[in-house]
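Q: Residue numbers (this note's numbering), protein chains in the order written: chain C, 1375 to 1847; chain D, 1375 to 1847.
Be a bit skeptical, because a hint or two may be false.
Once the Cα atoms are required to be at most 25 Å apart in a straight line, the calculated SDA-like pairs of lysine to any residue come out as [what the hints assert, rightly or not]:
1. D:K1737 x C:E1587
2. D:K1737 x D:N1777
3. C:K1737 x D:H1385
4. C:K1614 x D:P1824
5. C:K1847 x D:G1846
6. D:K1612 x C:L1828
7. C:K1847 x D:R1444
In short, the hints are calculated from the structure, not lab data. These numbers were taken from a predicted model, which means no experiment stands behind them.
Take a look at the letters that make up each chain.
2 protein chains.
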Amino acid sequence: MTLDRQVRDAHAAWLQIRNWESAKIVALLESIAEALDSAKSELVPVAMEETNLPEARLTGEVGRTTGQLRLMARAVEDRTYLDITIDYADASLTPPRPDLRLKTTSLGVVGVFGASNFPFAFGVAGGDTAAALAAGCAVVIKVNPGHPRVSRMVGEIMIAAALKAGAPAGLISLVEDFDSGLALVEHPLTAAIAFTGSTHGGRALFDVANRRENPIPFYGELGGLNPVFVTRAAASDKAKETAEGFLGSITMGAGQFCTKPGFLIVDGASAINTELSTLVSVAPAQKLLNSNIVKSHDKNRDEIAQVPGMRLIAQNSDGGDTNVSVYTISGKDFLAAGESARREVFGPTAVVVDCSDSAELLKVAESFSGTLTSGIHATESDPMDLSLLISHLERISGRIVWNQWPTGLAVTWAMHHGGPYPASTNPLFTSVGAKAILRFRRPVTYQNFPQRYLSPVLQDGSAELNGARINGK
Amino acid sequence: MTLDRQVRDAHAAWLQIRNWESAKIVALLESIAEALDSAKSELVPVAMEETNLPEARLTGEVGRTTGQLRLMARAVEDRTYLDITIDYADASLTPPRPDLRLKTTSLGVVGVFGASNFPFAFGVAGGDTAAALAAGCAVVIKVNPGHPRVSRMVGEIMIAAALKAGAPAGLISLVEDFDSGLALVEHPLTAAIAFTGSTHGGRALFDVANRRENPIPFYGELGGLNPVFVTRAAASDKAKETAEGFLGSITMGAGQFCTKPGFLIVDGASAINTELSTLVSVAPAQKLLNSNIVKSHDKNRDEIAQVPGMRLIAQNSDGGDTNVSVYTISGKDFLAAGESARREVFGPTAVVVDCSDSAELLKVAESFSGTLTSGIHATESDPMDLSLLISHLERISGRIVWNQWPTGLAVTWAMHHGGPYPASTNPLFTSVGAKAILRFRRPVTYQNFPQRYLSPVLQDGSAELNGARINGK
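Chain C extracted, bound-state conformation (with noise of 0.2 Å):
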């Protein structure tokens, strides 16, 4: 089928659920979602194989993502995302008010690219997809090519769940080459665009996104440099605790984490690298996802390696596909090398940026732009005043971390995963979490309408309307 076809197929699809009740949504996500996981011990093994990731992650990843599903389903249930706002007509106000009535709408045909880190969570089935369903919209999904037997399988799944919940042919669909996934963010009927994967990928898509001749929402998730401050009291007190933590943060899912802390930097380094060129050198053998990424890795690594001032502190020497690496530099090489030094290195890479006071700690903070998160190590009474590192926290990250690591990502409702470009290229949407589904509607008010053209959420006496903002109320 070519991509025109398939989604025009998705629109008329959309068509007929646009309308749709909540609980035939809610039916569809949740048939998706024990679909997949009765089918969970057959998709594990072809996902080991394709990505190297280990049976138990890939187990817990199937049920984050029927998790993920689930939680949509609840979000859909609650109904908040519909923003209903009623004001009533009022001949008494100056100019007089004419019945107004807001509800939200689904966007239409979103296109979702997954991405190669989390076959299913961030997959065919993944949050993306979730959100958009749960919104009402279709989906044509562009398969992640490292790992695409195991993408087809719950593809066909999905497909079938949703037929069996009621859905029309061609809700739900998959694109595999490389020019379709172009074709999809170009085509018109293309209502909207979800991407998680690399800052060089997603930049390409979102400024094709932006040049259509009617550009659309481009919801990239575009990745971090994550990084985490640690106090001098904190680094003298904690210094094996933290370096511990540091190191299983960044070795979690072998370094390819969005969320990953690629910088630590301390304010007094030298206890934490003594126990980190410990604990590195007999760090666990990893495996990469597939060996473009082990090339891409090294090489980034190796350029890092190279920044002036950049010095190993330990590799481990257990096999796998690459050495866990972590290096440190001063916090004055750190700020002379400038971009070069701040680069993202997807894999188990990382730098400890050795401050020489809590000032140099500042500028060092001062340096990062927008990243999915940040963090701070601390004592309890820690007496480095915070508060202004907290603040530029504040302005480059979506979500800062105290006192534990950042990878590890809670899918709930107060979870934000975005942040300042390139973390997100929309920073005012999460991608994970129940409102990830916001993303995929838009407003639409009703003026003076009778009451039997009116969606029955917005008729008079509707049960929708309880807990609605009604006369600004």
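Given chain C's structure and the hints, the job is docking chain D onto it.
A: Only chain D this time, still in chain C's reference frame:
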């Protein structure tokens, strides 16, 4: 002062106010509103000279402008724009959930580009400025070249009122020349742009914002064709009333409104066209904003007159800068002409599309795309089933108006002024009404934070937690 210095000063001022308590922002907005109300009698005569708009309209517009500032103050007091959402830590979950607290934060320096047609309400102190200040942002405002003198006066009044309310210098400033406007969109410290104006100019700046190394949110309200559909029953039962309403709407503000209904699509237009030919010929003289607008109106009108099958119904002859011109074309010819017939003419020109039946009316409806508003005129118990028409209008419109006219915009909570491109470059947000504040805030999640470093509104026991979403409820 150079533009660079100006944006840096605005950024520094933003850093000072970004954590202001809401009462101080409310006082700032009310101080500006009060100062503008007091200066009404000095402002209106200058605006009259610069825009040719009549005294009554401009006096009312100052009131609308200060009403917008006060509505924004109410939105700040309301606090829902903070979007406070909390998930408390829960160790019993798999995986255990950390404490997550989300609130929105202001974006930074907002560049505001005001419109020519509303020197006050969409001008220097207009809706975008009010929304950005309410959100806790600084503003650098590009003055519209159509009314520089009154813009400077409004700017001086605003800046003085802001200082009086305790705002730091630099929080509000103006730029005038074209190159400074461009540099404002490109400046690294500019965090978002709000633009109201032509599709051509807005698209050019949208492209600049997206070409930045770090693209920023661009909220452009670029216009619309605002098609209004009339059923056969309404065309016959209410021909005179419909013709009068239509003429009133297309000549309000001399047709220089972005919500002007440029196209009236009628199932059987002969009675309405007969009424229009009488009414239009005696329509009052029109004074346009300035000679450039006259030139561009006349050029666009003459081009639409050249569309094959287009026929002039009537033109007024009462002096003025240009004529009121209403054309008509058959549905068949309109569809055959394609894009060349669907052209926005800024000024008192409009087109009646005369359809032979309701099926053709639907086909014409489907030829329209993104628009701020659309409308339907029908009778009480209209025999036409309007579901299909409404379904299409929902897909292309930000607001749908029933048996009223789209001009005259209520500034309320339930208003949506936006829509698919080119109505808006971001169809998820309104540029008018209380929700316009949402464009200038983005979420941040605080994970595992100690109470002492949380914003007061997120601390345990804060009044703002009442009514907030806690643990997904």
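Q: Taking the hints in turn, state whether each one holds.
A: Results of checking the hints against the structure:
Using a Cα cut-off of 25 Å, the hinted pair D:K1737 and C:E1587 holds, with the two alpha carbons roughly 22 Å apart. For the given pair, D:K1737 sits about 21 Å from D:N1777 by alpha-carbon distance, which is consistent with the 25 Å threshold. For the proposed pair C:K1737 and D:H1385, the alpha carbon gap of about 18 Å is at most 25 Å, so the pair holds. Restraint check for C:K1614 and D:P1824: satisfied, since their Cα atoms lie roughly 22 Å apart, inside the 25 Å limit.
In summary, the hint linking C:K1847 to D:G1846 is supported, as the alpha carbons are separated by about 22 Å, within the 25 Å threshold. For the hint linking D:K1612 to C:L1828, the alpha-carbon distance of about 23 Å falls within 25 Å, and the restraint holds. The suggested pairing of C:K1847 with D:R1444 holds, with an alpha-carbon distance near 15 Å, which does not exceed 25 Å.
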